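**Q** One-letter residues, chain by chain:
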Amino acid sequence: MLPRQGSTIAGPMDDLYMFIFWLSVVFFIIIAGQVVWFGMKYRRRGPGEKTPHITHHLNLELAWSIIPLLLCIVLFFWGFDGYMKATVVPGDAMEIQVRAKRWQWEFEYPDGIRALNDLYIPVNKKIRMVMISDDVLHSFWVPEFRVKMDVLPNRYTDVWFESTIPGTYNLTCTEYCGKGHSTMRGSIKVLTPVEYEDFVKEGPPELKNMPLRELGELVYKSRGCESCHSLDGSRRDGPSWKGIFGKTEKFTDGTSAVVDENYIRESLMNPHSKIVATYEAVMPVYKGLLRDREVLGVIEYIKSLK
Amino acid sequence: MADVKTTGAHVHGEAAHHASYLEENKGIMNWLVTYDHKRIGLMYLWSVLLMFLVGGLFALLVRLELLTPGEDLMNAETYNRVFTLHGAIMVFLFIIPAVPASLGNFVLPLMLGAKDVAFPKLNLASYYIYVVGAIMAILSIVLGGVDTGWTFYTPYSTSTAGAVTLMTLSVFVLGFSSIFTGLNFIATIHTLRAPGMSWYNLPLFVWGTYATSVIQVMATPVLGITTVLLVMERVFQVGIFDARLGGDPVLFQHFFWFYSHPAVYIMILPGMAIISELIPTFSKKTIFGYRGIAFSSIAIALVSFLVWAHHMFTSGQSPLTNAIFSFLTFLVAIPSGIKVFNWTATMYRGSISLKTPMLYAMSFLLLFTIGGLTGLFLGTLATDIHLHDTYFVVAHFHYVMMGGTVIAFIGGLFYWWPKMVGRMYSEKGGALSAILVFIGFNATFLPQFIMGSRGMPRRYFTYLDQFQPLHQFSTVGSEILGAGILVAILTLVASLRKKPDAIANPWGGSTLEWEAQSPPVTHNFVGTPVLEHAPYDYRHAKVEG
Numbered sequence: 001m002l003p004r005q006g007s008t009i010a011g012p013m014d015d016l017y018m019f020i021f022w023l024s025v026v027f028f029i030i031i032a033g034q035v036v037w038f039g040m041k042y043r044r045r046g047p048g049e050k051t052p053h054i055t056h057h058l059n060l061e062l063a064w065s066i067i068p069l070l071l072c073i074v075l076f077f078w079g080f081d082g083y084m085k086a087t088v089v090p091g092d093a094m095e096i097q098v099r100a101k102r103w104q105w106e107f108e109y110p111d112g113i114r115a116l117n118d119l120y121i122p123v124n125k126k127i128r129m130v131m132i133s134d135d136v137l138h139s140f141w142v143p144e145f146r147v148k149m150d151v152l153p154n155r156y157t158d159v160w161f162e163s164t165i166p167g168t169y170n171l172t173c174t175e176y177c178g179k180g181h182s183t184m185r186g187s188i189k190v191l192t193p194v195e196y197e198d199f200v201k202e203g204p205p206e207l208k209n210m211p212l213r214e215l216g217e218l219v220y221k222s223r224g225c226e227s228c229h230s231l232d233g234s235r236r237d238g239p240s241w242k243g244i245f246g247k248t249e250k251f252t253d254g255t256s257a258v259v260d261e262n263y264i265r266e267s268l269m270n271p272h273s274k275i276v277a278t279y280e281a282v283m284p285v286y287k288g289l290l291r292d293r294e295v296l297g298v299i300e301y302i303k304s305l306k
Numbered sequence: 001m002a003d004v005k006t007t008g009a010h011v012h013g014e015a016a017h018h019a020s021y022l023e024e025n026k027g028i029m030n031w032l033v034t035y036d037h038k039r040i041g042l043m044y045l046w047s048v049l050l051m052f053l054v055g056g057l058f059a060l061l062v063r064l065e066l067l068t069p070g071e072d073l074m075n076a077e078t079y080n081r082v083f084t085l086h087g088a089i090m091v092f093l094f095i096i097p098a099v100p101a102s103l104g105n106f107v108l109p110l111m112l113g114a115k116d117v118a119f120p121k122l123n124l125a126s127y128y129i130y131v132v133g134a135i136m137a138i139l140s141i142v143l144g145g146v147d148t149g150w151t152f153y154t155p156y157s158t159s160t161a162g163a164v165t166l167m168t169l170s171v172f173v174l175g176f177s178s179i180f181t182g183l184n185f186i187a188t189i190h191t192l193r194a195p196g197m198s199w200y201n202l203p204l205f206v207w208g209t210y211a212t213s214v215i216q217v218m219a220t221p222v223l224g225i226t227t228v229l230l231v232m233e234r235v236f237q238v239g240i241f242d243a244r245l246g247g248d249p250v251l252f253q254h255f256f257w258f259y260s261h262p263a264v265y266i267m268i269l270p271g272m273a274i275i276s277e278l279i280p281t282f283s284k285k286t287i288f289g290y291r292g293i294a295f296s297s298i299a300i301a302l303v304s305f306l307v308w309a310h311h312m313f314t315s316g317q318s319p320l321t322n323a324i325f326s327f328l329t330f331l332v333a334i335p336s337g338i339k340v341f342n343w344t345a346t347m348y349r350g351s352i353s354l355k356t357p358m359l360y361a362m363s364f365l366l367l368f369t370i371g372g373l374t375g376l377f378l379g380t381l382a383t384d385i386h387l388h389d390t391y392f393v394v395a396h397f398h399y400v401m402m403g404g405t406v407i408a409f410i411g412g413l414f415y416w417w418p419k420m421v422g423r424m425y426s427e428k429g430g431a432l433s434a435i436l437v438f439i440g441f442n443a444t445f446l447p448q449f450i451m452g453s454r455g456m457p458r459r460y461f462t463y464l465d466q467f468q469p470l471h472q473f474s475t476v477g478s479e480i481l482g483a484g485i486l487v488a489i490l491t492l493v494a495s496l497r498k499k500p501d502a503i504a505n506p507w508g509g510s511t512l513e514w515e516a517q518s519p520p521v522t523h524n525f526v527g528t529p530v531l532e533h534a535p536y537d538y539r540h541a542k543v544e545g
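Quick note, the sequences are listed as chains S and R, same order.
As numbered in the numbering used here, residues 1 to 306 make up the first sequence, in order.
As numbered in the numbering used here, residues 1 to 545 make up the second sequence, in order.
No wet-lab data here; the hints were simulated from the structure.
Since the model is a prediction, treat every value here as computed from it, not as a measurement.
From the three backbone atoms N, C-alpha and C, an ideal C-beta is built for every residue, glycine too.
You can trust all of the hints, since none of them are fake.
Computed from the model, here is a short list of chain R residues facing chain S with C-beta under 8 Å:
1) Glu77
2) Thr160
3) Val250
4) Tyr290
5) Gly337
6) Leu373
7) Ile385
8) Asp389
9) Ser453
10) Pro457
11) Tyr538
When the alpha-carbon atoms are kept at most 20 Å apart in a straight line, the in silico EDC-like pairs for lysine to aspartate or glutamate are as follows:
12) S:Lys247 / S:Asp237
13) S:Lys101 / R:Glu77
14) S:Lys247 / S:Glu266
15) S:Lys179 / R:Glu71
16) S:Lys101 / R:Asp242
17) S:Lys208 / S:Glu197
18) S:Lys179 / R:Glu77
Just chain R, with the same shape it has in the complex (with noise of 0.2 Å):
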């Protein structure tokens, strides 16, 4: 009989497999105690996506609330405490370690054809350290919740009552989290890549998470110290931001803006890192302006530093400050444009596959440059002046972070879903759920930015009546938005009730991770991997998707 010689290997269309890291070492405190970088990064990803889940929650409460004016589900006291949680659970529970450390832990010792991280201890460390962090801010909601907006700003933060000394030893703590994965990230691109990979022949994911891991590493100790100096103003009134007591509470803002104009980096520069593998692999072409887009983001992460105060225009500082913060501002633009001027040139006479994770890239486009263009109105200084804290703001905002990092996260998720758990997805369900996002989406924000532009200030339990259906449509928005962000997690869901099925290389990608059977050996690779070529080199083409 034939059927005999089928096996497991047949199956998989390889020649031979071994057992992967899901099915050596099973049980639940092997993975508790895990070291293996694949296993952190899962655990990370369920974290994140529950914490994603979480805030989501809250954003669709706040645009039902927001359906009318007046009173609806909540009073302005609640309403002023969901949407403080919903900024705080995305930023700082969700955006900043989504897509480093769970999708980022998991391909980027696969890319650099390592083992492991550099350091696989302080790996587990940093995601327990995470769950203390969540804990922490999930106590603070249960304990009398927190009303000062994600941002904190003194002296409304030291004033109120409310869990806001434990909330903001909660992000205290994430920080750390945060600088361990960034730590990690440079000792391992510095020292693991696989022999013959030289700096320029790493895959741009890994440029784009080094840059990001820079600033992970040398912004966030201000955040913490920040923190601190919060904390120590509600319990010891040390008064550094207390006008009464001689401080300054705009310098809260600086110091503030100091981490989380950077921070706004770590969200993006992970999502731009994603697109740049995404849009080659579907393209089938090679990356056009591999060093452009390389250096824009070390550009971007060094000039990223240095335009935290354009947050604070109307804050009554000096317009020689205002002057240069906002040229520094537009100069930070520039590298982002370049890499988006980049991608699209890479599609250009390419062999393009719209299977799930390109029409999220493609979605990525063209919202990440509507966030990019409105940012210009922002960094300009006069109309600035009116836009500043309104919806325009929040919309801007959410184009860069949601439409940038959020779709790109998942469009990364859906890429590297098949190397992770060695499942393919229904194509159907996936692509479904990239139009519902992708018109949810603009359905939602896109009249905020109108709204903004006519006069709602953000931050509004109630409205005047004429922003009414302005603010309904956006709701109507948000609920499509939902339902596309629930289809992607049903699709990917639903194919870990398949048997295996995924081959080592299912998209023709051309990074060593692809090289790895899916999903990988505990161990990554079996036997040292060598870099052939380099990366998004399509004359080299073995496999096809």
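Only chain S is shown next, with the shape it has when bound in the complex (with noise of 0.2 Å):
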């Protein structure tokens, strides 16, 4: 009845639902067992027959008020106790940032990397997931792990999970959003440490084989470039990237250099060694943000805009 579990908090969960299930089995069993066994003994033989006059049974009506009312107070204090276990994050949770918007999932790990609907996760690690909705309300759901929480414009909700075994796990949305509802899904990929190990330094699969121009555009789109670095030649914060590479910068300190590889690696580890004049600084460091392969793709970008 119940998808695999893939998370520590999926076997207690599905105790108490089977606890509940084998539960009303025996109560539907107790009342159709009566109203169809009633219905075939009690069944009327002839017009005239006479039935007892039996008004009420004061003990027997306390025992079906009583009985039922226990059996619901240890379902309400299992239950709850399920619920703070699954709800309350541990404190050592890794920390995964969730944007929901119509119809796609965005995560953002601790290190900056951002990713569209496809989540890579460590096996047998906490994660709790940060959450809010740029539009509508949504809900997060992986039904493996047996958690759900929406997902609200206005307030970061949180959910966590442990997986306990490898494997790819599907995120649905269910809350109902419009038109792309039943098909805002996402995928969790459950790694073992050696396969994540090699994520966090390589990335996921799909940008290991991207060229490495595009992989630069990528990291220009998602990781801040763009706000400060225009590719039309036009002043912002930062110098533009047009036509840059190979040009002689001019520095505050009087200093000049030529913009080639070295300089891009540098201006991205350690921005603030070098500060083109006329600018203030104000680029961030990104050093241990960005995985060698995206440094090299921004370098390859960077020299693609002539």
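With the hints as a guide, dock the two chains, each given alone in a separate frame, to form the complex.
**A** Listed below in structure tokens is the structure:
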């Protein structure tokens, strides 16, 4: 009845689910059994049958009020306990930012790497998703993890899980959000520690095979370069990238240098060592935020902007 | 010739036949301006049945589209409109007014031994307000449609195109119709009981209707306020639900469910009320635990106001809120359980006649039990996290609303039909419809529990291939269910072609409406009826069914 157990909370939740299931089966058999049995056994044989005048039976009525009440109280506490375990985030969880919008899921890792719809996480590691929506309500559900939480436009909500088996799990939107609601899917790829290390260094497999120039363009658009560096020569907070490769730049300290591979790398890793004249020192440090291949990508991309 | 003496009265098996409410003052105009609760009840009946057919047609379209993943009959946008209309029509135009305004209107004054409801003009006004609301709802379909789901959640509902404003206003207008009916019934029950009819001598249908009316009067204004706020939000951007203007979209859910959870009991209590009549009559045995059933209705009505946030366990509200509402939800389950046990105990050592209404009553007991038990999965916090907004919820809701209320409504319709139109229907047709409906219903909705548990979200136009077999099973079930409903309607309509043949009390019922002739005279009773014994007291039974 239930999907594969993909997280630490799936097992306990399924135990409770199965408990309620068997409890319901027992009660259903008692009630339906009586209805069908009485319907056959006491079926009217002819007109004029007399029936006993039984108006009530206090003890019986108390029994079928109190026993279900006690069972319900058990369910309440069991359910509340499971709920708290499933929703209170452990302190040592790795955080991933989630931005839901019609009709896609955007993820951002602690090191600033972003991903669309496909999330790569390590196995046996507690993950906390901090979620917000760009537009209407959405809901984050991974059936195999047994976690679900609505994503709101005005407030952060969170959800956490620890996956126990490497593999691919479906992420699906469960709060109606319009035309593309039923295709607002994502996948969560749970990797072994070795695979994950590889992923951190090299990026997701689809980026691994992306041509360097395209990768650089992706970094430009997704990592904030775009807000300060134009592609058309216009002035923003930093120099435009148009035709910058091979150009000689003058710096605030009076020195100058040619823009080459090493200069670009230095500008990313240690940007404040050389500030181009007439600009402020506002460039953020990208050391540790970009993978090697992404740095190469940026260099290739800048080269291509003639 | 002996034949000369054979009059209509003889055919009816009664001493004297008086002109019934159907025979007096014929003509369409006399119907349209009538204050007679029976005529208003019948006009309501035809109207809600029409809406039931429209809503049912949309349901069949939804199921057909889901036969395979991807686009079959319609695209995603059309699908979203169709499931919204199915929900909105069924909830606001069919199931809320169905039992109280049609059967209740007809039967309640008769059961009390009254000539009419307390405010006959208000009763007619309630009907016309319903008609205006229905026309507005139909217009909103024509003028662009609505794709918000029947729950109108913000900010989707405030930002989407289409005729949402008109549909919302229609819900606002329909609310008044519901309030008027509730108000009328409360006044009627308080003031128009026959001599000798104390509160504990009220038929249980009246207790159930009373509890329903209390909710209608107390909860519906909140729906009115909510819909007005939604309209203001759409038209003037007041910002109460709009996050960009400092509002809170989740606040809408609180407002909406503050009405709509009690409204679920507006829908189910009348169904339970009907079952409380059917089971003693067809078991020819006094009801077991009269006070338990009566007070559980009142308990449900009161506690129903305190459980609304159980629709919002994953909405981001605090764990404390969730804990409180989960606990209260379990409390509201107990009175429903008490009723079910009382009904089955009533059958014990009865003289059970498996006529059509009883077949529906027994269907109700099985289906409502499944609906109630699956509610336990959803009231329990840990399991609700997984099941919320899935097909499990869809199935649970339909087991309670369709398996519960609609089955009871059809059962009640077969029960009081002879009283309403003076004609008996084909038992074979009735029994066939009950069996088809039972099989079709289970085939439609049992697979949905499994789908939901396995990961199928609700309101999905397309789905993963793994769910296709269960979806197909469900679609086939829905066709059987549709056929069963069709057989029920044809059986009833076919009876209208016959000559009147119903005696006053064809089932051996013990409540006052069976003392009136079938169909009753305009003022219900010839002379003032006096209650001689408590309802369901079969030690005094005079009439054999």
